[in-house]
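Peer 1: Listed here are the chains, written in short residue letters.
There are 2 protein chains.
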Amino acid sequence: MKVTIIGLGLIGGSIAKRLKEKKFASEVTGVDSNEQHQRLAIELDLVDSVHPLHEALKNADVVILAIPVDAAVKLLPKVLDGIQNETVVVDMGSTKESICKVADEHEKRRNFVATHPMAGTEHSGPNAAHSHLFDHKMAIICDKNNSADFALKVVDQLYAALNMKVIEMSSHEHDVHIAYVSHLSHITSFVLGETVLEKEKEVKHIFNMAGTGFASTVRLAKSSPAMWAPIFLENAKHVSDVLETYIQNLKNFKRLIDTNDAEGLTKSMENANKIREVIK
Amino acid sequence: MKVTIIGLGLIGGSIAKRLKEKKFASEVTGVDSNEQHQRLAIELDLVDSVHPLHEALKNADVVILAIPVDAAVKLLPKVLDGIQNETVVVDMGSTKESICKVADEHEKRRNFVATHPMAGTEHSGPNAAHSHLFDHKMAIICDKNNSADFALKVVDQLYAALNMKVIEMSSHEHDVHIAYVSHLSHITSFVLGETVLEKEKEVKHIFNMAGTGFASTVRLAKSSPAMWAPIFLENAKHVSDVLETYIQNLKNFKRLIDTNDAEGLTKSMENANKIREVIK
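Same order as they appear, the protein sequences are chains A and B.
If you count by the working numbering, then the first sequence holds residues 894 to 1173, one letter each, in order.
If you count by the working numbering, then the second sequence holds residues 894 to 1173, one letter each, in order.
Bear in mind the hints are in silico, worked out from the structure with no lab data behind them.
As the structure is a prediction and not an experimental result, all values here were calculated from the model.
Hints are supplied without guarantee of correctness; some may be wrong.
[What the hints assert, rightly or not] No farther apart than 27 Å at their CA atoms in a straight line, the calculated lysine-lysine pairs in the DSS-like style are these:
1. A/Lys1046 / A/Lys1058
2. B/Lys1092 / A/Lys1160
3. B/Lys915 / A/Lys994
4. A/Lys1160 / B/Lys1046
[Unchecked claim] Footprint (simulated), chain B over chain A, 3 or more residues, beta carbon under 8 Å:
5. 901-908
6. 925-934
7. 966-972
8. 1016-1029
9. 1150-1156
10. 1164-1171
[As the list claims (entries may be wrong)] Listing some non-contacts, in silico: residues in chain A with all C-beta distances to chain B over 10 Å:
11. Phe917
12. Asn952
13. Gly1013
14. Asn1039
15. Asn1056
16. Gly1106
17. Lys1144
18. Lys1147
19. Ser1161
We treat Cβ as the ideally placed atom computed from N, Cα and C, and that holds for glycine.
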């Protein structure tokens, strides 16, 4: 299959590498507005060639959107305008309601499949790409009923090639749940990093005293702002709701400390311990 | 050397195992108020025998306190009362000011060394003990000038046997810094776990949607409340200060989302990204 990948960062680059290795793609064409990414993607042999968008769309069997979510929402109509009748368009964004809304207004809606492969690292760019990024992770397909069978079939093959397990839900459900289990985690981590750096002017102390606990909770603070700012804003309503709850719970925890309430703290932590049942 | 370990949980059990393996300890005597821990420590061959406190102190060359910090503060005078003139007492707690204050008032102050081995996992109890828990991690020795040379020498050997790197600082410095790089991480994680469980009544969704990002930020939420409630309360002032700053920074982040301020969000995350320079 001829595959066009728009966005040659961590996600797009890793998909390119994997699809070539698994021979899902006979040819991979890249599109990226960043010239350094274009050059790197060729040098690292992630793609066979790089072309401007309209050329890259012409003969593609599958077009994969792997750019920040706000850019994807804007670009999708143009992509759907430029494809053949049987071309499948699939996006990889971390928010799904807004892109599905835009897709729903397009006459080629059924060529499009909205997905979210839940994989990534705190690193970004073509240099961070590796072909096992998606192994055994979960991918979500949203609003399946609005996609054509031929498009869904290709996307199933695509995710099988990426070695991912696929689940389904509505784009609305996706955005509500993902605010809790992914977007909130990133915010807690970004703000943790910011707070510690603000307070600990002597970076040496952070380095010296950072046990594995700090390293794992702050890891996501290394993530790309260019990717995450659009995600938080596209999913602003749900993210803001969950952040409000988190802040209230933190205030409550602080009150328990300030009032020397050992019993209340223990109860609160015992509640949190129940996460053991879901995250082994 | 004859070693007595008070508290046979994750830390005490792991130390016992390692010190026997490295032949630092010719004999390990355990003390624990929990009968199940006593039995397990014998069954798992962590200790040679279990005795009541006063008996276990009598012939010990080294006494290691590995119990929750509030219990350690209370027990330390009794331990110092019960030892021989050349016995070394060392504690393993995550807060240092309060125990040093208690030690300073005792005539055997110089037999005592205040330390904090920065290692652990989210698991607890004798079953979680393993002899490589401390490998290549950092240990902090506090208020060194108040300990005798013979005691410091034994503690150096002890940490060499545990395969840890040792740094020094005052107990006050320790408690200020550790609030940022360890205690705050645990709170952000406990409250994250609590918040997600509160909102996501359908546990299935958490399981399905939990990418590696969530798993790593929430890992510490599995930690033992019996260990952590005393830590937060012993270090209440510093922990409360840092938590206040964290809450203010979260509110600021939320405001940036609510006002659709992409530039502000990006700037805030770019600041957080600087953590890359300290945590590789």
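Peer 1: Any hints this thing doesn't respect? Which numbers, in order?
Peer 2: Result: hints 3, 4, 5, 6, 7, 8, 13, 16, 17, 18 and 19 break, sorted rising.
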